[in-house]
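Q: Chains as they are written, first to last, in numbering that gives the first Met the number 0: chain A, 0 to 173; chain B, 0 to 173.
Just so you know, the hints here were simulated from the structure itself, not pulled from any lab data.
One or more hints might be untrue.
[What the hints assert, rightly or not] Not close to chain A: a few residues of chain B, all C-beta gaps over 12 Å, as computed:
(1) 4
(2) 22
(3) 23
(4) 44
(5) 48
(6) 83
(7) 101
(8) 107
(9) 132
(10) 156
(11) 158
(12) 162
[Unchecked claim] Label pairs and their computed distance ranges (CB to CB):
(13) A/50 <-> B/67: 37 to 47 Å
(14) B/45 <-> A/115: 27 to 37 Å
(15) A/148 <-> B/34: 20 to 30 Å
[Claimed, not checked] If you want the footprint, here are the derived chain B segments under chain A, 3+ residues with CB under 8 Å:
(16) 26–36
(17) 52–62
(18) 119–131
All C-beta atoms, glycine included, are put in the ideal place defined by N, C-alpha and C.
Number of protein chains: 2
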Amino acid sequence: MKKISLNVMPLTQQAFAAFGDVIETDGRSHYSINNGTTERYHDLAKVDLPVQYGRLLINIFRAQPNPLPIPVKMLERHPLSSQTFIPLSDTPFLIVVAAAETDPRATDLYAFLSNGRQGVNYHRAVWHHPLLALEKTSDFVVVDLDSDAENCDEFFFDDNLQVTISALIPDDDT
Amino acid sequence: MKKISLNVMPLTQQAFAAFGDVIETDGRSHYSINNGTTERYHDLAKVDLPVQYGRLLINIFRAQPNPLPIPVKMLERHPLSSQTFIPLSDTPFLIVVAAAETDPRATDLYAFLSNGRQGVNYHRAVWHHPLLALEKTSDFVVVDLDSDAENCDEFFFDDNLQVTISALIPDDDT
Numbered sequence: 000m001k002k003i004s005l006n007v008m009p010l011t012q013q014a015f016a017a018f019g020d021v022i023e024t025d026g027r028s029h030y031s032i033n034n035g036t037t038e039r040y041h042d043l044a045k046v047d048l049p050v051q052y053g054r055l056l057i058n059i060f061r062a063q064p065n066p067l068p069i070p071v072k073m074l075e076r077h078p079l080s081s082q083t084f085i086p087l088s089d090t091p092f093l094i095v096v097a098a099a100e101t102d103p104r105a106t107d108l109y110a111f112l113s114n115g116r117q118g119v120n121y122h123r124a125v126w127h128h129p130l131l132a133l134e135k136t137s138d139f140v141v142v143d144l145d146s147d148a149e150n151c152d153e154f155f156f157d158d159n160l161q162v163t164i165s166a167l168i169p170d171d172d173t
Numbered sequence: 000m001k002k003i004s005l006n007v008m009p010l011t012q013q014a015f016a017a018f019g020d021v022i023e024t025d026g027r028s029h030y031s032i033n034n035g036t037t038e039r040y041h042d043l044a045k046v047d048l049p050v051q052y053g054r055l056l057i058n059i060f061r062a063q064p065n066p067l068p069i070p071v072k073m074l075e076r077h078p079l080s081s082q083t084f085i086p087l088s089d090t091p092f093l094i095v096v097a098a099a100e101t102d103p104r105a106t107d108l109y110a111f112l113s114n115g116r117q118g119v120n121y122h123r124a125v126w127h128h129p130l131l132a133l134e135k136t137s138d139f140v141v142v143d144l145d146s147d148a149e150n151c152d153e154f155f156f157d158d159n160l161q162v163t164i165s166a167l168i169p170d171d172d173t
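Only chain A is shown next, with the shape it has when bound in the complex (with noise of 0.2 Å):
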């Protein structure tokens, strides 16, 4: 058995570009509108949802919360679209992506620590895991494809390898 902890890093603009957006007011230009009464922080994601395959879906998802430590034993992705999660419940979740295009190793792991306030938007064909809601149940608005064309791929990691996340204190480091 071959064991691997995975390490937490902060979830950040920069450190997560290369798997989509992370959509936040902190750090974001905002413009007035609504004759003052309103800040717009405008367009926060890449959004690549093709109504060629389908419609686009707004959703709540209530996902329950997950106790340390976390198993990491599969992942998704959405070949044909984007697909976006925002917080609701104010509660810090994590997010597990990996830099893949094929099968994705356990070397291509990454995990990102969002403040409750950060919603992500995972790019087209992104691999990653599903909902991991900490400390409570936790609804996310959901902003994704409805299709009738074969739009997620699942890997699973080999019974052999143990993938976990223990603790999640990120690490500026790394």
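Chain A is fixed; fit chain B onto it per the hints.
A: Using the frame of chain A, we list chain B on its own:
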């Protein structure tokens, strides 16, 4: 000066159906995904963002709170597209819409109170007031259309008409 005070109704799917969708989990069907760890409340809004006119945007709007009484001096509408507002701050907010295809009259106005966990999706061309946060500065996820085409009509009520919202107590009999 003619004065009109709008009653505020609870925001329900049934009451709001003529104007758009209520995006909420309460009372909505759902199904399990992600190996049983997540409930998906699927397809909560009739999103209508025609790509021939532009590009889908995900934004965050930060709205300043409004003290009572709140004047309703104008409305706007987007003739080409729907527009979705989902609250991130778990704080009630007001929705003012008009049942009118052309210039709205004061008698066409309806006001609804979101409980702070309910979002709304205004259907294409529905007259609505810009964001009306209450209590505190409130953030909203906004899904709308970026278009070079003209996509915002504004209507201003006559200066001799004073429409206000003076109380937030929903009137269940309305």
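Q: What are the numbers of the hints that this structure violates, sorted from low to high?
A: 2, 3, 4, 5, 6 and 9
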